[in-house]
Every structure is written in C-alpha cells, then in structure tokens.
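S.K.: This is what each chain is made of:
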Amino acid sequence: MKTRRDFLRISTVGVGATALGLNAFGKGKFKWFDPEADEPVSDEDLTPYATYCEVCFWKCAGWAYVDKAGRIRKVVGNSDDPHSNGRLCPRGTGGVGMYYDEDRLKTPLIRETKSDGSQYFRKASWDEALDLVAKKMKEVKENYGPEAFGLFNHGNPGAHLEHLLRAYGSESNAEPAFANCRGPRSSAYFSTFGAYIGSPENTDIRDTECLVLIGSHIGENMHNSQVQEMSAAIDNGATIITVDPRFSTAAGHSTHWLPIKPSTDIALLLAWIHVLIYEELYNKKFVDKYTFGFDQLKEHVKNMTPEWAYGITDIEPAMIRETARAMAGAAPAVVVHPGRHTVWYGDDTQRERAMAILTALLGAWGKRGSLYLPEAVSVPKFPQPGYPEPEWTWKDLNEGKFPLATMGITTELLKASIPRLGYKHQVKAWLVGGTNLPLAMPDKKLFKEAADSVEFIAVMDTMPMEVTGYADVVLPEATYLERYDFIRAAQNRVPNIALRMPAAKPKYESKPGWWIAKQIGERLGLHDFYNYDDFSEVIDWQLKQLGTSLEEMKKIGVKSFPRKSGPLYLGENEDFTFNTNTGKVELYSVDFSDHGFDPIPVYKKHPEPPQNFYRLIYGRAPMHTFSRTSNNHNLWDLMSENSVWVNPKVADLWGLKRGQKVWLKNQDDAVTSFPVAVRVTERIRWDSVYMVHGFGHSDKKLSRAFGRGASDEEMITNVMVDPVMGGTGMRGNFITFLKEKPASVEKEDKA
Amino acid sequence: MNEELFVSGRNIPNIDPYLNIWHWQIPLYLFLGGLAAGILFFAGFFVVRGKEKKMQATVKWAPIIAPIVLILGLIALFWDLKHKLYFWQLYTTIRLESPMGWGAWTLMIITPLSMIWVASYMKEMFPWWDWKFNFLNRFEAWIIKNRKGLAWVMMIYAIILGVYTGILLSAFNARPLWNTSILGPLFLVSGFSTGLAATIWISKDAKERKILSRIDLIFIAVELFLIVHLFMGFLAGSQTAIEAANLFLGGQFTVSFWVFVVLLGLIFPAVLETLELWGFHVPKWIPPFLILFGGLMFRFIMVEAGQITRYLY
Amino acid sequence: MRYAMAIDTKKCVGCGDCVVACQTENNVPHGYCRDWIVENVSGTYPSLDLEFRSERCNHCDNAPCVRCCPTGASHKAEGGIVLVTHDKCIGCGACIQSCPYDARYPHPEGYVDKCTFCIHRVEKGQNPACVDVCPTHCLHFGDLDDPNSDVSLALKDRKWKVLAPEAGTKPQLYYLI
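Chains as they are written, first to last, in my numbering: chain A, 2 to 752; chain B, 691 to 1003; chain C, 83 to 259.
Derived by calculation from the structure, the hints in this document are not laboratory data. Positions of the beta carbon are idealized from the N, C-alpha and C atoms, including for glycine. Any given hint could turn out to be false.
Unchecked claim - From the structure, some residues in chain C lie toward chain B, with a derived Cβ separation under 7 Å:
no.: 1; residue: 114
no.: 2; residue: 154
no.: 3; residue: 192
As the list claims (entries may be wrong) - 20 Å max Cα-Cα, derived DMTMM-like pairs, lysine to aspartate or glutamate:
no.: 4; chain 1: A; residue 1: 658; chain 2: B; residue 2: 694
no.: 5; chain 1: A; residue 1: 658; chain 2: B; residue 2: 693
no.: 6; chain 1: B; residue 1: 774; chain 2: C; residue 2: 169
no.: 7; chain 1: A; residue 1: 650; chain 2: B; residue 2: 693
no.: 8; chain 1: C; residue 1: 170; chain 2: B; residue 2: 787
no.: 9; chain 1: A; residue 1: 662; chain 2: B; residue 2: 693
no.: 10; chain 1: C; residue 1: 92; chain 2: B; residue 2: 694
no.: 11; chain 1: C; residue 1: 252; chain 2: B; residue 2: 787
no.: 12; chain 1: B; residue 1: 774; chain 2: C; residue 2: 191
no.: 13; chain 1: C; residue 1: 92; chain 2: B; residue 2: 693
no.: 14; chain 1: C; residue 1: 243; chain 2: B; residue 2: 694
no.: 15; chain 1: C; residue 1: 170; chain 2: B; residue 2: 770
no.: 16; chain 1: A; residue 1: 650; chain 2: B; residue 2: 694
no.: 17; chain 1: B; residue 1: 772; chain 2: C; residue 2: 191
no.: 18; chain 1: B; residue 1: 772; chain 2: C; residue 2: 169
no.: 19; chain 1: C; residue 1: 238; chain 2: A; residue 2: 236
no.: 20; chain 1: B; residue 1: 772; chain 2: A; residue 2: 40
no.: 21; chain 1: C; residue 1: 158; chain 2: B; residue 2: 787
no.: 22; chain 1: C; residue 1: 92; chain 2: A; residue 2: 208
no.: 23; chain 1: C; residue 1: 170; chain 2: A; residue 2: 40
no.: 24; chain 1: C; residue 1: 92; chain 2: A; residue 2: 221
no.: 25; chain 1: C; residue 1: 241; chain 2: A; residue 2: 236
no.: 26; chain 1: A; residue 1: 658; chain 2: C; residue 2: 121
no.: 27; chain 1: C; residue 1: 206; chain 2: A; residue 2: 45
no.: 28; chain 1: C; residue 1: 206; chain 2: A; residue 2: 44
no.: 29; chain 1: C; residue 1: 206; chain 2: A; residue 2: 46
With the hints as constraints, model all of the structure from the sequences given.
M.R.: In structure tokens:
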C-alpha cells in the first residue's frame, strides 16, 4: 500500500569510496605497499588520540591508536577513567568497526518523487541539504510556531540537535531512553529519595556485601564499570541474588537465583518487605531517622507473607526468607540494583518504588556498599544568550497525563504528530539524531502513521539505519572517532571529565554533529548561539574555566577533580534532608498519593500467555548495542544474528530442533519479517521465550545485518502504558511459532 | 541436559563446523603412494627371490606406473599446499617426529629409485632404446650388476612409503577416527593389495597372475581382519572414538564404506579371484578394477570422515 | 620461564571482548578468530550450572603441532610459546589436523596462524591484548616459574582444570573452577 512517505532503502549512491577503504588489513592488496598492514604493530609505533566511546551510553574514555599511515588500529581504555578502568567492553573495542564500516552513510540525501509517483533518494551537496532543512524549519516556525518542530534524540548527536532546537525555540523533544527504557526508575527513585539514579548508576557494587538484581542482567548488559565491579564483588565473596525468569549470566554467577514467574516481581518485593519488617530485620536506625510512612507500609504489607508470594511467583517461601535475611545481614552494604530497562508491564514505576522502599528499609542509601552520593563536574556553558521560552513544551503534549514524567515521552510525541488523534498541541516536523526509532520503539503501526503524517523529517545518522528510510533529508554524521563532542562530565564517586577529539578525518563526506547543527543554526540566524568557528574552541574555553586546557586534556584524556559536595557516604547519624515533599525518604509517597496513584505499591496480576503462546522476553547481548552495532564488522563477527531461546520441553512439543528457522507470530497476528534460529536451552522457562533485541534489520543497505535474525520489536504491538510517567511496558506480548514461511511475509513491504 | 556451543560467532572457513582442510588431493596422493609402494615392493621382492624371469610384468612393466603415479601424487600434494611458494622449506630440514617430513624425504628418495629401476629395464622392454651418453650406459650396467641390492633398498622404502601413508593419519590423535595404530598396517596392506591388483591387470601371463592373485587374497583377508579390529578398538574406546565409529555404523558413511570399500572393494573381488583360481572364467580386469576402486574410496572416506571427527565441542 | 594463562570461569561472562581485542591487536582477518568463547549449560531448569570459557591455543608443553610440522615452521619460542614462522610454513595443514583444541586456522595469505600469546607485547613486558582488555579481570597471564606472577597467584588456592587432559598435550591454559 503506497503511503505518502514510502520507506526508502538507501540503494543508489554508494560511491567508489569502498575501493579505497581498508577492511581487513590482512588482504594482499596492501601488503606489497605496506607490509605493516599485515603484522601487529607495537604500541610504540602508534599515536594515541583521546576519545570517549559512543557505541553505548556508558561513554568510557579511551585512546584511539593510529599507525604511521594514519589508520586507526584499535581503541583501548584510559586507565584513569572510572567508567572503564583502562578496559573497554567488546563494543568499545570493536568501535573501529564503526569507523571502517563500508555501509556507512556517505553523502547527504534528499527524497525526491518521480513523475510516476515513486520515491527515491538522490545525492545532494551539503549546502543543498542544509538549506532545505533550514527552509523547512523556518516554514514550520512561521506556520505553526517553533514548538511544532519535534526532536527524537540520544547521546551526543542528539545533544547537538537539542541545542539547535532550543535556540530555535522548541522544547518538544523526547528520548526513547526515557519512556521506552529507564523512565520508571527515574520517577520512582525521585519520588522516594528525591534523587535520580543517573548514569553511570551510583551503585557501590565493588564494596557491597550483597548485590540484588531484579531482572538486571549485568554481564549480558555490558555496563562496563558495573560488570567490572560485579567481578570484584565475586572476588570479595559478596552474596549475589538474582531474580530472573531466565538463567541469565548473572544468575549463573549468583549465590541465589530466584527463577521467578514473569510479571510477579512486585509480589516478591512486597514479601521481602514483609519479612524485613515482621522479623524485625530492617535497619531501624536508618528508618527512624530518615524515612516517612513506615507505619502505613507496615500495615500495607501485613498479609503479604512469603507463602502468599509463593502462590504468585513460584518462589519457595524458604528461599524468600533466606534471601531477605541475607540482605538484612549484609545491610547497609546492600545494592538493590535499580535496573535500567524497566518498562515491563505498565506498573513499572510501582515496582521501582518497591525496590526503592526495600533499599530504604535496609538503610542501603549513602552508605559504603550501597548507593553512594555521586557528584559530577559542572561544566560551564559557553557564552550564549538564554534560550527563548517556548509557548508549550513536551510536558504539555502529555495533556495532563503522566504527571510524574521527568522527560519527554516518545510515544506522546508520535501521537501528537498524528492529526486524527486530535492532540491540542500538534507536532508537524521532526529532527532525529542518534536513535533508530523503528527498532527502538514498540508499536510500529503508530510510528509509521506518525512518520507519514508529519510534513518533514530530517535524520542525522552514521549508518543507513531503518529510520533513515523515512527521512526527507538524510545527514551523514561522522563517527565518534572522527569528531569533537561535548566534554563528558558524568556523575561518579570522584567527579571527572573526559575529552573526545578526532583520531582521523571524517570519511567520505560525513561531518561532525556539531558542524551540522551549527550550519543549520546559522542559516536560521542563530549566530549568537554558535559564537565560534570550530567546536574545539568551545571545549578549550570550557576546559580553561575548569582549570585545565585542551592541550593538557589531549595528553591525559581524563581528569579528576576533588569532591565539593561532601564525602562519598553519609556519616554515622548525619543529618540529611532529602529532596522530597517531606524532606525524608518517602516509604509512603506523597507525590503518588497526590496524583491519585497507589502511595505504596500493590501487586496486580498481569495477563498470562494463552494456550500455545509464550511470553516474549528480550534483552541484550554483551557484544552488541542493539541495532546500532548489528552491521559493525568486528561485532558482527561475534554475533551475526539472534536466536529464540526455547525450553526443551516446548521444543519437544513443537518438534523444534537446534538451529531450525521459525517465524514468530504474536497475539495480535503480527508476524516477523524474517525467520529466526531456535536455540533449545534449559536456561529459559517453559512459559516464555527469549530473544536478544536489535536484529532483523530490514534496510538492505546494511549489507551484513539485513535479514539476519528476527526483530523482537515487530512482536511488541501490545503496549502497557504506565499511568505515572508514560512508560511503555513491552513484556505483555506473547508469541507462537510458525514453522513454514507465512504468506503475509511474501506480500507486504516490511519496513 | 548438557548444552555446549560457541557464543563468540566462531565459524572459521574449513574448520567449523568440522575440519575440511584436506580435500581430494590428499586421499588421491595416499592412494597413489600406496599403489606405487605395492608395485615397487613386489618388483623388488621377486628380483630378490630370483623369480625375475617368471614375473615379467611385476618386475619390468608394472614399475613403469610407479614413477608416473608418484609424480602425479607429488603434484597433487603440491596443489594442496596453501603456501606454495615456500614448499622447498620441506627439504631444508629433517624432522624425525613429523610423519609428513618422512613422507617428503621418502618420496624424494623412492621416486628417483623407481625411475632408475625402470630405466635399468628399458633396453629389455624396448630393444631400440639408446641412452646416447656414455656415462649413462655405464651407470645402467652398474645398476644391472647391483640389481639385487637395489631391490632390497626399494623394498624397504616401499614398506616405509606404504606404512607412512597410514602413520601420517594415525599420528594425529586429535582426529579420533585416525587415532589408532591399526591405520599404519591397514594402509600398508591396502596399498600392497592395490599394487598387486594393478600388476595383475597389466600382466599377460596367466601363471604370473595366479601367483599374484594368491598373494592378493592373503592381503585382502588381512585387510578385512584389520578393519574388524579397527572398529572393535573404536567401540571399546572413549566417547569420541565411539562417535567416530558410529559414522560408519549408522552414520553418514555407512553405505559408502560397507558397500563400496568392503563389499565391492574387498569381498567381491576376493570371491572373484578365488573363483578364477578354481578355474572359473572371470574377465580379468574386473577384480583389479574393483580393488583399485575400493582402495581409492577407502582413502577418500577415511580422510573426509576423519576430519569430521573432533575431540571437543 | 614458562608462560601460561589462567581463566577464572567464576567471573567470565562470555562477552567476547578478548576476541575483538585480539582481532584489532593482531589484524586477524574477518571470519577468523584466534580465541573464542564456549558456553556450557548443564542441568535442568531450574537447577542449572553455567560456565563460560575463553579458549585459544593452549601453547602445550607437549605440543603435537610442533612435533608434526615437516618444516619446523611450528616451533616453541621463549617461555614455551608456540609460534609459526610464516615463511617456513608451506601450508600443508598437518598442524591443524593435529590440534585437539582446533586452535589453528589457515590464514588467507597461505600460512597457518593462531594465538601467539601476543609475543610482540609480552617481549616488551606487557600482557597479551585479551588479558589487558577483559572487563571482568578473569584472565591472568605470566611466568609460572615466578611465584609472584599474576598467573601463579591466581592458581594458588584455587581448583583448576585443563581441557582434554587425556590428549596428553600438557596444555598451559588453566581454567579456575
């Protein structure tokens, strides 16, 4: 069916640049001219360039080593960096693959329509493309006001576009990372402790005596310093408790694995709280001094015994008690990990609240081995006028719903783009930077309709990801190894900054994000917000304000500063006011009660899979950052496609064999575009299946990733929206197996 | 349940899911080597026994095949090398622990030996043959005088050649199917049997064929005996050995091995040769052809199946 | 001097960092790998055991690949590291057949290649690339003859196993269990 905006696979314009690229050094072509290409090179013959990684959000600082011929050989961690401690994760080490990927976007592209109505992308010059984007931005401003221009952003690329958008007069931006990922924990912990968890999480895992993971799969999620700290915790003999329906890697290294029935975590948490309170194991000192609402909590969990929880969760009461006692014995050196991807069943903010309450009962806040008090360097803003005040922002898009959302909600931004849904504030155009929306967000139908409804979409990306197929203008960005970016100033135990500088010139015609944003900004007359020629001036100015300089940072890469906000941990009996309504840790949440939500979490039963269907659980693999790296040659070598994990009993029932390819169909009759290989393993329950997210690419220009594995996102059509902050619960989808290729796949244009 | 798998995407060409490093060149060479070994051994044997006159084809004509076949084998080997320009490195060192090294040097010795052997009979086979150079004529005379000594040397090297083709494989105890010391004698006997078969085929003398057939029957019997023990050994061995044996006892090589190698390559020709000895008329090319075919198939199957078996994963 | 490696299976998460780091450090061609991860799951849900092993050439004391090499290209270097001299290798494939760990592969250039314990780094006093990159710090390398080396300390007081000990190769990769 033809829509106004056809999904266009970037199929034309690959320039002969590939012939000049150096894919695998071992190839004979270059051997005669340069024997060094084949043999390993000693570090002494390499030049290091300071950078921090952009393959995921952890932003580990490192050194990009370049040989005498100007080729980037490898990226290695910066040993002064607390994010990496000198060791990059596999994605970071494979970052060179991002630079060398011959499928990269090479030139700006503009969507054109032929006389017969068909659409295609044509190569354009930078001037053409930037002029067009600026023109459209001016049009939207004139016709609808700047607020009608929305932005979907993530990471550094998104940040440059966000600055542009704010200068232009809009705050209509949203990150998938909030509503489609970590949103519930931000809102829940903020309401409880008055502090966000932030990134990297302020979990003192390396000194903990008890680590509790609720669905968190450290080791499969490669949150670098956390994996390192968990390893240190194992060395120290810490008790590790993992609650997961799947035997995750973390579960494999745990002292206790609680194979919980999916969607019942709140019951377990409430039972733990019950044990801690009624066996008087909770941290009385902490609770007395710092918390509010204990009596209500005690009354609330009166009947939530381990026996009650056993009937719901499948976890034996003895195990519930044993683990609760283990936590209490280790308190306050307990980390109840807040998790990260927490949008599961629509009541996720409540589940996170339960985790926060558990943390508070153990007194595991601001103490050694629990959640430390993080501090970040405050990088001064480069001189610019104040941003104009928009008439409405992302908050207004929610139309009164989701009162405790702390950032823009991507689904709402999509819905506001569709006129027939009648939102009061309409969004008419998008900028997209650093995120592959069709694979990152659930409910593809909604996305397609929204993309079709807006007047203009400009996408900035390094690779021809699926989102570029919906763009009117595609802007090829250089990878993080080829550009300057904002100074990294994330929170940590010790405040620190990291520099990113280019290790090589941008390949093909790609440009850094800051340059793209500046060029558009200048065309919009926003010179005041871009009072520099090169971004390195901005960085140098900022560094000088902090007492260092670009020159120094180029040599050291990472610099630490002394803490200003006080010690890392709360002192014994120290007075402390929490940033909440009551000034205390709210076991009973005033915020929640004010807005009509349960002030203390309540267990609600969620739908279970119908007969012949299995709950779809998804997660990460340590060698990939979801769809971002599926085409990266180094990482594709490690894992080129995902598989669907099936319990052996289920496999027997269906006659499925290891390696067999099946299509998946979900409860709403959606079918995966591509088949996926079966992995028969005991590691998954018989009522669920598991897949790694980020595969099943449909853009043919991703030569390695196209058609490999299946996209779990295609199976997520049932979205359970969290009324508290708009999070999109995605684990309420059930799939069944199709052993033969379904007819619908042949016909439809899957994009 | 025990599940073991690679999770870092390991899928090395020609190594995973099972080895496929040696293609048809190697079994062809093993076959040709065994064939030459058989021919040359019996040529020398009958000279030493003084039965030259009665075994013309064995001693004079069949050995012509030997150098041709050895050179073809060497070409096949060279073709198989992946770093061909450096092949000469083989001859810069003697490594006693490497069966492949033995092979290189043995071939280096036996090929010229076989050529000399044939050359010494050139004038007998082709009366018009003329060496043209004086020193060649003198060399020929010297060889003919010392033929018995040469025969002994050739026999010894023929045995080394025949056995080494088996030991080459059995030295690789990482391939469970080859990890058996029976392979050496088995390949030796098989090689000699193919050599006899080739000689029988080209011999025009019925009496000569009879003598050779009798010897061949013994060799075939020994071969069958060794094959039975081969499998008995595997089945009494470790899990990897049992899995290796199962490739032939229900697995993918069952039919090709038992039908082509054992039935058609050993038992059937043995029956035919026995019938022939008892006076029944059998077209004389059939048994030798089947034996040669069986020998070739045997080596192809052993090399391919052996690479499929592995120790881990 | 006897170089060896200890791999702590209690900490390995099977992330594959060692594989990518080796690739970028040693220019291993795409599609080939000098080290790899094996996952082993045993038991029945929910009584399960999980083990990840980072495997590579074991640089065996009694290396069959060194014994069977006809040209001496495959040899033992300082510290017991097994190496291949590229321009002595004729690509015959005997060593590949002889390795019970399937650690070797034919390089597209023609010679046979495998893990070298990053000898170009070890010579300069550094660790192999895989050891230095591992985020769980589960790889330990060093001189077994030195009681204070990283690997010796790792092996002290820990149970360990080697792979396929029945092959008689005396491998020098110790898996701490």
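S.K.: If a hint holds in the structure, say so; if it does not, say that too.
M.R.: Evaluated hints:
Taking 7 Å as the C-beta cut-off, the interface hint given for residue 114 (chain C) holds, the closest approach to chain B being about 5 Å. Annotation: residue 154 (chain C) was flagged as interfacial toward chain B, and the flag holds, the nearest CB pair being 5 Å apart, inside 7 Å. Using the Cβ-Cβ criterion of 7 Å, the hint placing residue 192 (chain C) at the interface with chain B is satisfied: the shortest such distance is roughly 3 Å. Proximity of residue 658 (chain A) to residue 694 (chain B) is assessed by CA-CA distance (about 15 Å); at most 20 Å being required, the pair is judged to hold.
As the CA atoms of residue 658 (chain A) and residue 693 (chain B) are separated by approximately 13 Å, the hinted pair is consistent with the 20 Å bound. For the hint pairing residue 774 (chain B) with residue 169 (chain C), the CA-to-CA distance comes to about 10 Å; that is within 20 Å, so the pair holds. A hinted pair counts as satisfied when its Cα atoms are at most 20 Å apart, and residue 650 (chain A) with residue 693 (chain B) qualifies at roughly 14 Å. Pair hint residue 170 (chain C) plus residue 787 (chain B) holds up; C-alpha atoms about 17 Å apart against a cutoff of 20 Å.
With a C-alpha separation of about 19 Å, the suggested pair residue 662 (chain A) and residue 693 (chain B) falls inside the 20 Å cut-off, and the hint holds. Under the criterion of a C-alpha separation no larger than 20 Å, the hint pairing residue 92 (chain C) with residue 694 (chain B) is consistent with the structure, at around 17 Å. Taking the CA atoms of residue 252 (chain C) and residue 787 (chain B), the gap is near 18 Å; set against the 20 Å cutoff, the hint holds. As the CA atoms of residue 774 (chain B) and residue 191 (chain C) are separated by approximately 11 Å, the hinted pair is consistent with the 20 Å bound.
A C-alpha spacing of about 18 Å is found between residue 92 (chain C) and residue 693 (chain B), which places the hinted pair at or below 20 Å, so the restraint holds. At roughly 17 Å between alpha-carbon atoms, residue 243 (chain C) and residue 694 (chain B) fall within 20 Å of each other, so this suggested pair holds. Only pairs whose Cα atoms come within 20 Å are accepted, and residue 170 (chain C) paired with residue 770 (chain B) is accepted, the gap being roughly 16 Å. At roughly 18 Å between alpha-carbon atoms, residue 650 (chain A) and residue 694 (chain B) fall within 20 Å of each other, so this suggested pair holds.
Restraint check for residue 772 (chain B) and residue 191 (chain C): the C-alpha separation of about 8 Å stays at or below 20 Å, so the hint holds. Under the criterion of a C-alpha separation no larger than 20 Å, the hint pairing residue 772 (chain B) with residue 169 (chain C) is consistent with the structure, at around 12 Å. The suggested pairing of residue 238 (chain C) with residue 236 (chain A) holds, with an alpha-carbon distance near 14 Å, which does not exceed 20 Å. At most 20 Å may separate the alpha-carbon atoms for a hinted pair to count; residue 772 (chain B) and residue 40 (chain A) meet this at roughly 19 Å.
Distance hint between residue 158 (chain C) and residue 787 (chain B) is fulfilled; the C-alpha atoms sit about 14 Å from each other, no more than 20 Å. For the proposed pair residue 92 (chain C) and residue 208 (chain A), the alpha carbon gap of about 18 Å is at most 20 Å, so the pair holds. Our distance criterion of 20 Å between C-alpha atoms is met by residue 170 (chain C) and residue 40 (chain A), whose separation comes to about 16 Å. For the proposed pair residue 92 (chain C) and residue 221 (chain A), the alpha carbon gap of about 15 Å is at most 20 Å, so the pair holds.
At most 20 Å may separate the alpha-carbon atoms for a hinted pair to count; residue 241 (chain C) and residue 236 (chain A) meet this at roughly 15 Å. Under the criterion of a C-alpha separation no larger than 20 Å, the hint pairing residue 658 (chain A) with residue 121 (chain C) is consistent with the structure, at around 19 Å. The straight-line distance between the Cα atoms of residue 206 (chain C) and residue 45 (chain A) is roughly 10 Å, inside the 20 Å bound, and the hint therefore holds. Only pairs whose Cα atoms come within 20 Å are accepted, and residue 206 (chain C) paired with residue 44 (chain A) is accepted, the gap being roughly 10 Å.
About 13 Å separates the Cα atoms of residue 206 (chain C) and residue 46 (chain A), which keeps this hinted pair within 20 Å; it holds.
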